[in-house]
Amino acid sequence: MFGKNLIESFERKLKTVSIVFSMILTIGTASYAQSIDDVLKPKQPIAKPKTPAKTPAKTPAKTFKKTTGGSVKKSNNTKIKSPNNSPAVTYSSETPDQILTRFMNFQQSAGVTNRDWNSVIAQTARILKDNPTHSTAKTQSLIAQGQIAYNQLNYSMAIIHFKSALQIMPESSLVHYSLGKAYLANGQAEAAERSLKESIDQNEKFALAYKGLGDAFAAQGKRKTAAKYFKKATEISIKDGNMAP
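Per our numbering, residue 32 is the first one in the sequence shown, and the count goes up by one each step.
It is worth saying that the hints were derived from the structure and are not from the lab.
Treat the hints loosely; a few may be bogus.
To be verified - As a list, the in silico PhoX-like pairs of lysine-lysine whose alpha-carbon atoms are at most 20 Å apart: (1) K270 to K236; (2) K270 to K253; (3) K194 to K169; (4) K228 to K259; (5) K228 to K194; (6) K259 to K270; (7) K262 to K236.
Said to hold, decoys possible - Derived DEER-like restraints, expressed as beta-carbon distance ranges: (8) S124 to A250: 26 to 32 Å; (9) A250 to H165: 35 to 41 Å; (10) E266 to A141: 17 to 23 Å; (11) L184 to K270: 29 to 35 Å; (12) E221 to R146: 30 to 36 Å; (13) A156 to G218: 29 to 35 Å.
Heads up, the beta-carbon is just placed ideally off N, CA and C, and yes, glycines get one too.
Could you put together the complete structure from these sequences and hints?
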């Protein structure tokens, strides 16, 4: 009797477990089927954020630059030139007389450059345009041209200009001095000596002429005589301040 009851109880429990297991299996199967559906379901494309369309860069507008002679169109890789296509030229604000006086000064002579000489040429050219026979303007222009040639080491051309100036003003100490320096640079020491002596005769206070004459004697091997003129040049420079003729 006891055994029969035990078996019936066991059967009831087994039946209950079977029912529960069936329920769990049913629920699990449904969940699995749903997950399968989710996997197999086609995915919706992800919308990408819209980006503004690129617009072509604007090219700079062509500009116009006003000049004295009107307006000039500026385009790429094109240089703007003046109306007459010539570069602006600036010269010294000094007059030819002031430049030449500075050139004759013992301390300032080396500071006179080709820019100054070009200024002399430009200024005297305006004078000669109105008065072609102006002797001072002619001489100053020839001196300036000669000095430019001298600075360019073209001593033969410098001598030609200074000789031409000497024909107009034979009593100019500056022209004689300039000619003497050109002779000396050209290897003509004796001719340089004569010209520099003539420069001193025209102006006994011209310190640079004494210095040049000392160089001329030194080039001839006459060192004692050269030293005498060097000393004289220094004395005049200190005492009289290189007074121009």
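Against the structure, the hints:
Only pairs whose Cα atoms come within 20 Å are accepted, and K270 paired with K236 is accepted, the gap being roughly 10 Å. Distance check on the hinted pair: K270 and K253 sit about 26 Å apart at the alpha-carbon level, beyond 20 Å; violated. A C-alpha spacing of about 13 Å is found between K194 and K169, which places the hinted pair at or below 20 Å, so the restraint holds. Of the supplied pair hints, the one linking K228 and K259 holds, its CA atoms being roughly 14 Å apart against a limit of 20 Å.
Taken as a hint, the K228 and K194 pair is honoured in the structure, with Cα atoms around 16 Å apart against an allowance of 20 Å. Using a Cα cut-off of 20 Å, the hinted pair K259 and K270 holds, with the two alpha carbons roughly 17 Å apart. Pair hint K262 plus K236 holds up; C-alpha atoms about 13 Å apart against a cutoff of 20 Å. In this structure the supplied range 26 to 32 Å is violated for S124 paired with A250, their Cβ-Cβ distance being about 37 Å.
In this structure the supplied range 35 to 41 Å holds for A250 paired with H165, their Cβ-Cβ distance being about 37 Å. Against the hinted window of 17 to 23 Å, the Cβ-Cβ separation of E266 and A141 comes to about 20 Å, which satisfies the hint. A beta carbon spacing of about 34 Å between L184 and K270 agrees with the range 29 to 35 Å that was offered as a hint. Against the hinted window of 30 to 36 Å, the Cβ-Cβ separation of E221 and R146 comes to about 34 Å, which satisfies the hint.
Between A156 and G218 the CB atoms are about 33 Å apart, so this pair conforms to the stated range of 29 to 35 Å.
Checked against the numbered hints given earlier, the structure breaks hints 2 and 8 and satisfies all the rest.
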